[in-house]
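**Student:** Sequence:
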Amino acid sequence: MSDFPRWKYALVVLAMLFGIVYALPNAFRPLQAVQVTASQEGAAPADDALRQKVADALAKSHVAAKTVEVQGDHLLATFANADDQKSGADAIGALLGDSYTVAFKLEPTVPNWLAAIHANSMPLGLDLQGGVHFLMQVDQSGVLDKLENSYADDIRSQLRDKNVRYESVTRSTVPGQGIVVVLRSDADRSSAADMIAGNSPDLAVTDGPSTGDRFVLYAAIKPTKLRDLSLGTIKQNLATLRNRINALGVSEPLIQQQGDDHIVVELAGVQDPAGAKKLIGATATLEYRPGIGFPGDARAVEAAQSGSIPPDANLYYTSNGNAPVLVGKRAIVTGDQLVDASSGVDQQNGTPSVNVTLNASGAAKMQEFTNNNVGKPMAVLLINTEYETSTVNGKEVRTPKTIIKVINDATIQSPFGKEFSTNGLGSPKEASDLALLLKSGALAAPMDIVEQYVIGPSLGQENIKRGFEAVMLGLALVLLAAAIYYKLFGLVADIALFFNLLILVAVMSLIGVTLTMPGIAGIVLTLGMAIDANVLICERVREELRNGSTPHAAIHAGYDKAWATILDANVTHLIAALALMTMGTGAIRGFGVTLGIGILTSMFTSVVMTHAFTALIHGRRKLKTLSV
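Numbering-wise, the working numbering comes out as the position in the sequence shown, counting from 1, plus 1040.
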């Protein structure tokens, strides 16, 4: 008689039901779709009129669409295959022009009752779903410029505080010299060198040439500080990119450093590289500076016409109207002191705005400035970096260009500090994009996309087909070998192996593991490893029968004696899988995750589930032998 407990039967039944239900969504293949979103101010919103216009254009182009419907703020058209999707996107793009973003998308078809219990299909990786790949080069020169300017400002302040006579403190145009300090006497130079070395240990101070009453001192950033700065810049850009891409809703993006100054970004399922590139590569940030007059006033116009700009000011232009504005050089608060930002609408004039929250340091500076400058202007600068392409000696050269525009220059009505709003943005979308960039953090240094390519969904479908065939072929061969060699026990192992595949897919779907080609390789490997445990059990049962044990005793002893060996083998495999998960990235990590989950599910199905089936078949029968 079988001693297999009833609670284990219940556990096996629940596991089987779980595998069937949560693996089922993967049988519903997503539809090829095109998403249409207004991208410019003045474009008609997604409504029934736009839906009818798009449907008529598709019909006129003889493109068969399954559905064309409005979903929130965008329009979605679904198609039966990738060819119709491509033709439909071309027709819609020709109809709507540049006022709308037309992007490829995969629309899930999982029934609502499955979605209600959080049963969803596995997200697919770049190699299966298609998507975009970017290789981005980090331009660290801007960070060095900013740091040297900061040191120069500090040195000026220190010299004034200590009454050390100096002529100028400027950044050198010669690489390696850093900051050039011109003093009035040798004693002043000696005092300045001691002061800089004491207050700024990251600067290497050396004497320069002396002529008459000009005594030069060089203060260059030390190599160790430059190396730390370079590593910190890469790390901050990686963190900022992760925040921005999380806001895009891309599942399991690949974001990693490559070499000393490159970052690789892969976004599965994204078929609009222009839109993705605009967000992840954007360097937009805000600066708040004292205003010197208002846009278009007499001093600003005269400075723009004559080129004679006051020494304490910079000349910029407004983003709407390009009116000249004089703005103070020293920033009150910069973008890296923002901790939160959200888009909204200004209650007084109904224009788009960005609501800003500062950190403690930024809030204190803003509070102090506004307390002392009520009734005076404060300018809000939008700072961005773009790349200009030119040809030099037959080679393409990309040069970064910083663009600064004044989006707001208004009078401070009353003091404020931690929370306030910034107006002057052109459209709600511009406000929303800027809030997203500010919330995700500013890039420590601009990045230029030096390589990009798109993997189309048709290639992804081919990879899915081949991966499915590989899994089915591997499963079929293992099932056939087990059934032939171990007979009834082999068939039991085959059933358990099939449910192992279902439970593995169900767990991966439930926790949202992204399926890639290496993940499929992990599934195939898991299926091969899972049968090992059943081989050990069957051989133990055979050995017990040869030693004269009764069939029931042989089954009991076979599972008991094989368990220790099965546990040892799977624990060593699990350690390897955990190493791949924790230390690997991208495809390697995906393989490790799939392998780790597969090891756990195979231990359950190979031991507990097969034991339950065997006990159910043989438990209440008087046996003379076993089909093993």
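Simulated from the structure, these hints should not be mistaken for lab results.
The C-beta atom is built at its ideal place from N, Cα and C for all residues, glycine as well.
Do not rely on the hints blindly, as some may be mistaken.
Pairs of lysine-lysine residues, derived as DSSO-like cross-links and limited to a Cα-Cα distance of at most 27 Å, are as follows [said to hold, decoys possible]: (1) Lys1369 <-> Lys1441; (2) Lys1048 <-> Lys1186; (3) Lys1048 <-> Lys1601; (4) Lys1441 <-> Lys1505; (5) Lys1048 <-> Lys1405; (6) Lys1202 <-> Lys1369; (7) Lys1441 <-> Lys1126; (8) Lys1186 <-> Lys1265.
Between beta-carbon pairs, the in silico distance windows are [claimed, not checked]: (9) Arg1582 <-> Ile1615: 44 to 52 Å; (10) Ile1628 <-> Gln1407: 46 to 54 Å; (11) Asn1152 <-> Phe1508: 56 to 64 Å; (12) Gly1588 <-> Ala1523: 23 to 31 Å; (13) Arg1582 <-> Phe1508: 14 to 22 Å; (14) Arg1211 <-> Ile1628: 42 to 50 Å; (15) Leu1154 <-> Ala1050: 19 to 27 Å; (16) Asn1152 <-> Gly1415: 55 to 63 Å; (17) Arg1267 <-> Gly1415: 46 to 54 Å; (18) Arg1211 <-> Asn1239: 14 to 22 Å.
**Student:** Against this structure, judge whether each hint is valid.
**Tutor:** Here's how the hints hold up against the structure:
{"no.": "1", "hint": "Lys1369 <-> Lys1441", "verdict": "holds (19 Å)"}
{"no.": "2", "hint": "Lys1048 <-> Lys1186", "verdict": "violated (66 Å)"}
{"no.": "3", "hint": "Lys1048 <-> Lys1601", "verdict": "holds (19 Å)"}
{"no.": "4", "hint": "Lys1441 <-> Lys1505", "verdict": "violated (46 Å)"}
{"no.": "5", "hint": "Lys1048 <-> Lys1405", "verdict": "violated (65 Å)"}
{"no.": "6", "hint": "Lys1202 <-> Lys1369", "verdict": "holds (23 Å)"}
{"no.": "7", "hint": "Lys1441 <-> Lys1126", "verdict": "violated (36 Å)"}
{"no.": "8", "hint": "Lys1186 <-> Lys1265", "verdict": "holds (14 Å)"}
{"no.": "9", "hint": "Arg1582 <-> Ile1615: 44 to 52 Å", "verdict": "violated (30 Å)"}
{"no.": "10", "hint": "Ile1628 <-> Gln1407: 46 to 54 Å", "verdict": "holds (49 Å)"}
{"no.": "11", "hint": "Asn1152 <-> Phe1508: 56 to 64 Å", "verdict": "violated (26 Å)"}
{"no.": "12", "hint": "Gly1588 <-> Ala1523: 23 to 31 Å", "verdict": "holds (27 Å)"}
{"no.": "13", "hint": "Arg1582 <-> Phe1508: 14 to 22 Å", "verdict": "violated (35 Å)"}
{"no.": "14", "hint": "Arg1211 <-> Ile1628: 42 to 50 Å", "verdict": "holds (44 Å)"}
{"no.": "15", "hint": "Leu1154 <-> Ala1050: 19 to 27 Å", "verdict": "holds (23 Å)"}
{"no.": "16", "hint": "Asn1152 <-> Gly1415: 55 to 63 Å", "verdict": "holds (59 Å)"}
{"no.": "17", "hint": "Arg1267 <-> Gly1415: 46 to 54 Å", "verdict": "holds (47 Å)"}
{"no.": "18", "hint": "Arg1211 <-> Asn1239: 14 to 22 Å", "verdict": "holds (18 Å)"}
When each numbered hint is compared with the structure, violations occur for hints 2, 4, 5, 7, 9, 11, 13.
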